[in-house]
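Taken in order, the sequence shown gives residues 0 to 162; the numbers are from numbering that gives the first Met the number 0.
Hints should not be assumed to be uniformly reliable.
Straight-line alpha carbon distances no greater than 25 Å define the calculated SDA-like cross-link-like pairs of lysine to any residue that follow [said to hold, decoys possible]:
no., residue 1, residue 2
1, 113, 25
2, 78, 140
3, 140, 81
4, 12, 30
5, 89, 25
6, 44, 25
7, 129, 77
Here are the computed distance ranges between Cβ atoms for each label pair [stated by the list, open to error]:
no., residue 1, residue 2, range
8, 81, 131, 36 to 46 Å
9, 119, 44, 19 to 29 Å
10, 103, 59, 20 to 30 Å
11, 85, 131, 10 to 20 Å
These aren't lab readings, by the way, just hints derived from the structure by calculation.
Beta carbons: idealized from backbone N, C-alpha and C, even for Gly.
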Amino acid sequence: MKNSVSLDRFDLKILRELQNNGDLSNQDLAERVGLTAAPCSRRVKQLEESGVIRDRVVRLDERSIDLNLFAILHISMDKHIPERFEEFEKTIRELPEVMECYLITGHDADYQLKVAVPDMDSYHDILLGKITRIRGVTGVKSAFIMRKVVDSTAMPLSYVSEY
0 MKNSVSLDRF
10 DLKILRELQN
20 NGDLSNQDLA
30 ERVGLTAAPC
40 SRRVKQLEES
50 GVIRDRVVRL
60 DERSIDLNLF
70 AILHISMDKH
80 IPERFEEFEK
90 TIRELPEVME
100 CYLITGHDAD
110 YQLKVAVPDM
120 DSYHDILLGK
130 ITRIRGVTGV
140 KSAFIMRKVV
150 DSTAMPLSYV
160 SEY
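Please model the complete structure; the sequences and the hints are all you need to start from.
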């Protein structure tokens, strides 16, 4: 699928730099990509308005805020109907412990979640007190993350063709 937004080498440089450090000042960004401040600022604004840059976030160190347990959950549903999925997804969006939720295929499960909690007691509470109580959930398989091997939010830009 072709991207509907045309990106040139400067746009790609801007995206690479911002993915590495979204806190760069416009002046620092402009220097790194080889532009002056005004055109660099215009390009960033265009990238934001076009939706290429979706948002900018602050990433926290999970250990410093006592989030010590991360789990990947595979959720099975009883019925594969839009209403059931909509209800599940609406409820899951309201749980701050759920960091990611994917509707998946090619697996025994229907959904995959990533959950962050302080400890096993908290995990027990969210699993049995909230997730398994969602209408339609028939099974949950949990796996616990022992170590992050890759922890990136950067999108691979090598697939983007320049105009």
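Here's how the hints hold up against the structure:
1. For the suggested pair residue 113 and residue 25, the alpha carbons sit about 34 Å apart, so the restraint of at most 25 Å is broken.
2. A distance of roughly 18 Å separates the Cα atoms of residue 78 and residue 140; the hinted pair therefore holds under the 25 Å criterion.
3. Restraint check: the Cα-Cα separation between residue 140 and residue 81 comes to about 23 Å, which is no more than 25 Å; the hinted pair holds.
4. Between residue 12 and residue 30 the CA atoms are separated by roughly 11 Å; this keeps the pair inside 25 Å, and the hint holds.
5. Restraint check: the Cα-Cα separation between residue 89 and residue 25 comes to about 38 Å, which exceeds 25 Å; the hinted pair is violated.
6. At roughly 11 Å between alpha-carbon atoms, residue 44 and residue 25 fall within 25 Å of each other, so this suggested pair holds.
7. As the CA atoms of residue 129 and residue 77 are separated by approximately 17 Å, the hinted pair is consistent with the 25 Å bound.
8. Take residue 81 and residue 131: their Cβ atoms lie about 22 Å apart, and the range 36 to 46 Å is violated.
9. The beta-carbon spacing between residue 119 and residue 44, approximately 46 Å, falls outside the hinted interval of 19 to 29 Å.
10. The given range of 20 to 30 Å is respected by residue 103 and residue 59, whose C-beta atoms sit roughly 27 Å from each other.
11. Separation of residue 85 from residue 131 is about 19 Å and conforms to the stated range, judged on CB atoms against 10 to 20 Å.
In the structure shown, a violation is registered for the earlier hints numbered 1, 5, 8 and 9, in ascending order.
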